[in-house]
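K.L.:
Generate the whole structure from the sequences, applying the supplied hints.
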Amino acid sequence: MSDPPGLTRRRLLASSAALLATPIRAYAAPLGPPIAPVRPVTEIYFGHRVTDRYRWMETQSPEWQRYIRAEGAYTAKILAKIPNRATLATAIGKNTAIASIVSFQTAGRRIFIETRPADANTSKLFVRESLTGPDRELLNPDHFAPPGSHAALDWWTPSPDGAHVVFGISTGGSEQSTLHILATDTATLLPESITRTPDANPSWLPDGSGFFYNRLQDVPPESLAYEEKSACWLHFLNTDPAHDPKRLAQGLDPAVAVSDIDFPNIIATPGSPVALGVLTAGVQNELTLYAAPLASLPHSAPSWTKLCG
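Residues are numbered in our numbering as their position in the sequence shown, beginning at 1, plus a constant of 317.
It should be emphasised that the hints constitute simulated quantities derived from the structure, not laboratory data.
Possibly wrong hints are sitting among the right ones.
What the hints assert, rightly or not - As a list, the in silico BS3-like pairs of lysine-lysine whose alpha-carbon atoms are at most 27 Å apart: (1) Lys398 - Lys411; (2) Lys398 - Lys441; (3) Lys441 - Lys411; (4) Lys563 - Lys546; (5) Lys411 - Lys394; (6) Lys546 - Lys441.
P.N.:
In structure tokens, the structure reads:
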């Protein structure tokens, strides 16, 4: 059997020898991303063992700084290979450099708008005095951020007349809201604040003098009991929250069965003489509803009548 034209055994052997003599790195694939060391840390959260293999990344150690810089350099190298990337990035930046409206509510003559400005890391709260009026910045969560961290606006509800706004702020991505109150005319904070209110669901009294809110237990957030046995309280403006009365909670009224996982809330609707007591069992869709005369709630624990659930 003859060799193919132009390829003799001698040439094949010579080529193989040359290939073997060439350093392997000349034929290796491009260097990949840096390899992250795995150092498991196991802790118990809400009764469950959770293992974090990369806890070391949560420090500002020199090792972490080297790793993240290497990761960034590798990513930049890969992205730089995209054809016309600079042109594409310019077009994307131009078309996305706009403010986005997150939500809005009307209260009295005012319109409250939660907006994420084009140059902002988080959303802010603005107010208009009329439909066509200019936006006035009312709340910037960055003002609540501790040094080296950030803050987020978690929720907000204006009073029926728009004179005040109750809102929740969390820091460092914790989602553990602290309740604050703002006077709309002056954009100034009232002196009181209330912790442990990630699911406050505030509902204002019709006259705007106060509001109902849900608050979690006074135990560490990592405790299994943190989100159990929460209660609905009533707060009046410019008063000490330490004196807020409970209005819907476990053991408060024998006629109202509140389980450990229920989140009690009270809804007051302007124009209605009836307040609704709502029990939400964790993340279940089903609700248990009660009714009580709204006029009795500011002064004492009401007598609830079960509607359904």
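K.L.:
With reference to the structure, classify each hint as holding or not holding.
P.N.:
Here is what the structure says about each hint:
For the proposed pair Lys398 and Lys411, the alpha carbon gap of about 22 Å is at most 27 Å, so the pair holds. Restraint check: the Cα-Cα separation between Lys398 and Lys441 comes to about 37 Å, which exceeds 27 Å; the hinted pair is violated. In summary, the hint linking Lys441 to Lys411 is supported, as the alpha carbons are separated by about 22 Å, within the 27 Å threshold. The suggested pairing of Lys563 with Lys546 holds, with an alpha-carbon distance near 12 Å, which does not exceed 27 Å.
Distance restraint check for Lys411 and Lys394: the Cα-Cα separation of roughly 23 Å lies within the 27 Å cut-off, and the hinted pair is therefore satisfied. With a CA separation close to 32 Å, the supplied pair Lys546 and Lys441 exceeds the 27 Å bound.
Of the hints listed earlier, those the structure fails to meet are numbers 2, 6, in rising order.
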